[in-house]
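Please take these sequences and the hints and turn them into a complete structure.
2 protein chains.
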Amino acid sequence: MQNLIDGKEYSNILLNKLKEKIKELKDKRLPKIVIIQVGNNLASNKYIKHKIKSVEKIGMLCDFKKLDENITQKDLLEIIENLNNDHIVDGIIVQLPLPNHIDSTVVNSVISYKKDADGFNPITLGNVMLGTSKIFPATPNGIIKLLEWKNVEIKGSNVVIIGRSNIVGKPLANMLINKSATVTVCNTQTKNTANIAKKADILISAAGCANLVTSEFVNKNMTIIDVGANFVDGKYCGDVNFNEVQDNVKLITPVPGGVGPMTIACLLENVYELYLQNI
Amino acid sequence: MQNLIDGKEYSNILLNKLKEKIKELKDKRLPKIVIIQVGNNLASNKYIKHKIKSVEKIGMLCDFKKLDENITQKDLLEIIENLNNDHIVDGIIVQLPLPNHIDSTVVNSVISYKKDADGFNPITLGNVMLGTSKIFPATPNGIIKLLEWKNVEIKGSNVVIIGRSNIVGKPLANMLINKSATVTVCNTQTKNTANIAKKADILISAAGCANLVTSEFVNKNMTIIDVGANFVDGKYCGDVNFNEVQDNVKLITPVPGGVGPMTIACLLENVYELYLQNI
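First to last, the sequence lines map onto chains A and B.
Residues in the first sequence are numbered from 1 upward in steps of one, following the working numbering.
Residues in the second sequence are numbered from 1 upward in steps of one, following the working numbering.
No lab work stands behind these hints, which were simulated from the structure alone.
Possibly wrong hints are sitting among the right ones.
Copies of one chain are not kept apart here, so a pair can be met inside one copy or by any two copies together.
To be verified - With a cut-off of at most 27 Å between alpha-carbon atoms, the simulated BS3-like pairs for lysine-lysine come out as follows: (1) Lys49 to Lys235; (2) Lys155 to Lys8; (3) Lys114 to Lys74; (4) Lys191 to Lys150; (5) Lys250 to Lys191; (6) Lys57 to Lys21; (7) Lys179 to Lys198; (8) Lys220 to Lys191; (9) Lys145 to Lys8; (10) Lys191 to Lys145; (11) Lys198 to Lys220; (12) Lys134 to Lys114; (13) Lys235 to Lys155; (14) Lys179 to Lys199; (15) Lys134 to Lys74; (16) Lys19 to Lys8.
Structure (structure tokens):
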């Protein structure tokens with residue numbers, strides 16, 4: 001497993017650095033994050049458990065609000081507004097997915113950009129596009145940190161992103177463009193995705209489609225970042241047919257243990273940055 | 001000139017539609033735009049003259065403020081804040097470029113997104129990325145309108161953009177991604193730009209570099225949009241070596257008379273939309 005990018009290892013390094021920074025605050029107010037869950041989505045339960053564990057590990061404060069799945073959008077927005085105005089709250093996360101009667105775009109735009117731990121607010125995203133933001137959507141930021149950790153050259157490299165979601169594909173494309181990569185964003189309408197992918201120096205799959213990326217998509221000098229989070233026959237897997245391509249690429253992230261742990265570390269880095277701006 | 005995309009023709013169509021809409025307002029308050037120029041840049045003088053002429057043609061109100069080039073950033077921001085609070089002002093434009101002592105990113109972020117005629121405010125750009133905006137940066141929007149006017153298929157097409165500015169390349173990329181194109185954004189660090197461009201269905205050059213796009217960049221089925229605005233030996237020209245490629249592509253915009261006039265039409269469409277939101 002020489003060519004594995006171990007996201008768990010690097011996220012632990014980042015979390016330990018955060019822990020040190022929080023220790024240095026001594027008798028100052030500690031950074032605080034509020035996590036809101038609406039309903040009882042099983043995958044969400046798991047993700048939130050991981051987040052709370054990491055928050056506790058580094059010594060931040062955490063408040064977890066589990067709300068009834070029938071809460072109205074109006075009542076949810078009111079809870080968020082109250083948290084926006086609570087000066088000892090530094091970051092607010094509303095765990096996705098939300099029930100169908102609640103519009104996540106509205107929710108994300110109501111979370112103040114000053115408490116936007118996930119980096120989903122339009123102001124944050126506009127600044128991300130402009131290259132002026134200190135807060136970044138956590139998964140894209142985790143991906144870039146992994147590449148930089150492994151000294152994968154971004155500037156001038158040919159990056160192909162499969163997927164164009166608001167939380168991964170699009171912000172990531174903008175961030176990589178700002179780092180002088182040549183970036184191609186593919187979607188379900190793309191013709192010959194394999195041909196396009198095959199020429200990439202860095203291939204990032206965020207399509208949410210198990211076994212999408214096969215040996216036809218890769219080359220020997222490629223770095224693959226697998227952002228997929230799929231369940232197949234009860235087994236958690238990424239977008240990449242890992243066994244098929246692992247030996248045919250330069251570097252690759254596993255699922256689990258690749259991008260996932262990095263997302264949490266970057267989320268908490270956002271909270272720390274928001275805390276610094278808030279105190 | 002069978003394959004020419006006549007931006008002047010289409011912008012006139014759009015401006016006449018706007019003129020009709022403004023006529024229909026009858027005794028209501030008319031939409032008003034304020035154009036601010038700092039200093040006396042000769043190209044800016046020309047662009048502003050065009051804008052004012054178009055504003056007058058369609059019957060909007062226009063206020064032109066020409067400020068001393070030594071005005072402080074603080075004083076300029078104060079003028080903008082006053083316009084933000086003036087309820088009969090619907091759109092504010094600060095003509096770029098600004099003198100070196102003024103930070104255009106700060107200026108654009110201070111213009112309220114509710115009066116953001118140029119579409120440069122971070123909130124506008126974040127919403128553009130998310131696909132929730134009714135206001136768009138004018139040049140990218142003009143490009144997409146030209147493609148749609150000429151029935152050039154965007155969905156599923158392979159689009160290559162040369163240039164990654166905050167006012168053209170990046171917002172345009174996000175807008176085209178939202179329209180299901182496969183989008184590649186090149187920059188000065190890109191290796192083999194010609195090879196990448198050659199495979200495009202739609203090639204958009206916004207590099208600001210005369211004669212960049214030569215016959216090596218094109219194919220017979222390609223639509224070329226030339227966003228360049230360069231002066232060579234006193235002559236205004238685009239990024240494309242027009243004479244060399246014109247007969248080797250399917251459709252092409254001229255410079256002048258292509259994207260330029262569309263920018264003004266889309267700018268005034270923004271002002272009209274902001275007016276509707278403001279009354």
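Structure-based check of all given hints:
no.	hint	verdict
1	Lys49 to Lys235	within (19 Å within a copy, 64 Å between copies)
2	Lys155 to Lys8	within (25 Å within a copy, 38 Å between copies)
3	Lys114 to Lys74	both (21 Å within a copy, 24 Å between copies)
4	Lys191 to Lys150	between (31 Å within a copy, 22 Å between copies)
5	Lys250 to Lys191	both (26 Å within a copy, 20 Å between copies)
6	Lys57 to Lys21	within (13 Å within a copy, 61 Å between copies)
7	Lys179 to Lys198	both (22 Å within a copy, 24 Å between copies)
8	Lys220 to Lys191	both (23 Å within a copy, 19 Å between copies)
9	Lys145 to Lys8	within (13 Å within a copy, 46 Å between copies)
10	Lys191 to Lys145	between (30 Å within a copy, 23 Å between copies)
11	Lys198 to Lys220	both (10 Å within a copy, 25 Å between copies)
12	Lys134 to Lys114	both (11 Å within a copy, 24 Å between copies)
13	Lys235 to Lys155	neither (36 Å within a copy, 34 Å between copies)
14	Lys179 to Lys199	both (19 Å within a copy, 24 Å between copies)
15	Lys134 to Lys74	between (30 Å within a copy, 24 Å between copies)
16	Lys19 to Lys8	within (16 Å within a copy, 60 Å between copies)
Violated hints amount to a single one, hint 13; each of the other numbered hints is respected by the structure.
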